[in-house]
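*Asks:* Residue numbers (full-length UniProt numbering), protein chains in the order written: chain A, 1 to 347; chain B, 1 to 347.
It is worth saying that the hints were derived from the structure and are not from the lab.
Backbone N, C-alpha and C define an ideal beta-carbon position, used for all residues, glycine too.
Among the hints, a few may not be true.
[Said to hold, decoys possible] Some chain A residues judged to face chain B by a derived CB distance under 7 Å, without partners named: (1) 209; (2) 269; (3) 273; (4) 275; (5) 278; (6) 284.
Protein chains: 2
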Amino acid sequence: MSATVVESREWYLAAYAPEGIPTSDHLKIRCVSLALDAIPEQHVVLETLFVSVEPYLRGRMTGLEEGLYFAQFNLNEVVSAFGVGRVIMSKDSDYGEGDIVICPSTSFAEYCVVSSQNLRKVEPNAGIPLPEYLGLLGIPGLAAWVGIEVIAEPIKAGSNVFISAAASAVGIYAGQLAKLKGCRVVGSTGTDDKVKLIKEEFGYDDAFNYHTEKDYDAALTRYFPNGIDIYLDNVGGKMLEAVLNHVNKHAKVSLCGMISGYNKVWTEREGVRNLLNLIGKQVKMQGYMVGSYFDRFGDFEKEMESHLKEGKIVSKIKIVHGVENFLESLGSLFTSSNIGKIVIQVK
Amino acid sequence: MSATVVESREWYLAAYAPEGIPTSDHLKIRCVSLALDAIPEQHVVLETLFVSVEPYLRGRMTGLEEGLYFAQFNLNEVVSAFGVGRVIMSKDSDYGEGDIVICPSTSFAEYCVVSSQNLRKVEPNAGIPLPEYLGLLGIPGLAAWVGIEVIAEPIKAGSNVFISAAASAVGIYAGQLAKLKGCRVVGSTGTDDKVKLIKEEFGYDDAFNYHTEKDYDAALTRYFPNGIDIYLDNVGGKMLEAVLNHVNKHAKVSLCGMISGYNKVWTEREGVRNLLNLIGKQVKMQGYMVGSYFDRFGDFEKEMESHLKEGKIVSKIKIVHGVENFLESLGSLFTSSNIGKIVIQVK
Chain A
1 MSATVVESRE WYLAAYAPEG IPTSDHLKIR CVSLALDAIP EQHVVLETLF
51 VSVEPYLRGR MTGLEEGLYF AQFNLNEVVS AFGVGRVIMS KDSDYGEGDI
101 VICPSTSFAE YCVVSSQNLR KVEPNAGIPL PEYLGLLGIP GLAAWVGIEV
151 IAEPIKAGSN VFISAAASAV GIYAGQLAKL KGCRVVGSTG TDDKVKLIKE
201 EFGYDDAFNY HTEKDYDAAL TRYFPNGIDI YLDNVGGKML EAVLNHVNKH
251 AKVSLCGMIS GYNKVWTERE GVRNLLNLIG KQVKMQGYMV GSYFDRFGDF
301 EKEMESHLKE GKIVSKIKIV HGVENFLESL GSLFTSSNIG KIVIQVK
Chain B
1 MSATVVESRE WYLAAYAPEG IPTSDHLKIR CVSLALDAIP EQHVVLETLF
51 VSVEPYLRGR MTGLEEGLYF AQFNLNEVVS AFGVGRVIMS KDSDYGEGDI
101 VICPSTSFAE YCVVSSQNLR KVEPNAGIPL PEYLGLLGIP GLAAWVGIEV
151 IAEPIKAGSN VFISAAASAV GIYAGQLAKL KGCRVVGSTG TDDKVKLIKE
201 EFGYDDAFNY HTEKDYDAAL TRYFPNGIDI YLDNVGGKML EAVLNHVNKH
251 AKVSLCGMIS GYNKVWTERE GVRNLLNLIG KQVKMQGYMV GSYFDRFGDF
301 EKEMESHLKE GKIVSKIKIV HGVENFLESL GSLFTSSNIG KIVIQVK
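Pulled out of the complex, with its shape left as it was, chain A reads as follows (with noise of 0.2 Å):
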């Protein structure tokens, strides 16, 4: 039987970047050959259709020996992430041949050999965008899902709802689910032109331009004059500080993300000193990670399927074509230009 052989471009990691945003030194194209007959029993060959670009994934590439957040990719390793591809070769009975898969640890490459135990169909043809099952109902989605319904929980319409980085995809996704359960909610984020859009577009009752308004804490004052019952961080740092002076007792901090922290080693970031608030006003302070709430997928995937079909959310996800644009899109979640979901079209 003659092998058959796809020649893929995939992204690799060449050398760890422990501080900065990672540049062309750290993330390497180039290209292999991948015989389809020689995967292993229980692989498929996936042929990649999107992948997400995760502001997580700069923390696996930074060989600190931190341990405590996340797991390093190896050098010389694909880089991977949550992406839906089209099986093309199937060792497991349980697919086959043009089966459309989601798969989190998907190569950021044009093809690539998986294992398929993780996998998860989806029905092309069932009125979702394939896109949108890497955000509102991927990864990003799950994150503002659990933030909001599960570690907030039991919230109370009327509640003063904060969230930071509320441009970003976890940001859109969870303001709109706050509303949706009768909160006020106020975002930051870092231009006026996205001050406006989540505004305008995603609901937010309020937001504020954390360049210009460089005062946090006055800025919260004018903001939550009834203090701030439930803070979704993506930020941390002097955000965090500034937010732990103005929560109400059994306030409620959801720890999704500390972008302020990401390129940095910890004893450079921003230490925060008033952690005694949380004994003050006895608030919970609870960080979380998606991949522990995969139990959950159902009620999760129920419910947001229920808001996108009647409307109840918007979504927002930016398509870059060409797996050659990987690096330049994820250093573009650390600038503030970026605006809800970015996720890479392979083919």
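Given the coordinates of chain A, work out where chain B should sit on it, guided by the hints.
*Replies:* The following block gives chain B in isolation, referenced to the frame of chain A:
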């Protein structure tokens, strides 16, 4: 009817102490006359028997507008805390002369007039020494119980528990509660004598002196080769930061107090730079005030009385005779000299 008058020495707040340990410039004693017949309805006069010297009292004397942690005493207000008193005059038919009561706002004074709304009668011959109602069955006991059994639940046997200020009243009770749950318990405290004591008398598996073990991170590496599952924090600052480098997945941090910060304004406190670990390890960190758990007092008291009567928990109360010694006793909480609970015996 002739008015009966008693003379009473009482401590009052003469000046706020924003930083440092309060001195005789801040807390002064004065003599007042109380006309017993002149008290309002639903009030009683107590002859003070015992009053509890609590670390949180210090926070009520800063006069700072933080507003988030401690309700401030007013200037010239009598300083009060949990205490045990004997009713000598009552304008509430539920209380008669001679009743022994626990009162959450017992003055550091020989006599005091208090509302009868928050009193609780105790049976003086129930086999429990009266000061124990301010120790194991009082605020420190409840603080230990909430921190270990409520915030950190469910506790698995074999969990690795770390307790700072381990020779404090809360620390010695909390350590023993954790041992009763089958945990391995390690504490930090301020002298070698206290290290020895908490291991030999209060059942700690191990302990270290945080003055001589200056590198907390290295110490925790040695004492917790398998990481920390539960941390009861009484200290905050650098110790909390070090702990967050050693937490296991789904660890719980019960924030009971942050004595490292009480004598400093918040902007001067040590910032915690590694909160990102709360996300990576999906830690729940929760602050609490015992006042919010009085609805659980029945469960708490039943469990603790049973432990006490069965000899499963050893208590440690230092009785200081004479109300005039309050200031010095308060100061001793902030040095390394103190072990267990300090109670002022007034009568």
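*Asks:* Could you run down the list of hints and mark each one as holding or not?
*Replies:* Hints versus structure:
1. 209: violated, 24 Å
2. 269: holds, 5 Å
3. 273: Nearest chain B Cβ about 4 Å off; hint holds.
4. 275: holds, 6 Å
5. 278: holds, 4 Å
6. 284: At 5 Å from the nearest chain B Cβ, residue 284 (chain A) passes the 7 Å test, so the hint holds.
Of the hints listed earlier, the one the structure fails to meet is number 1.
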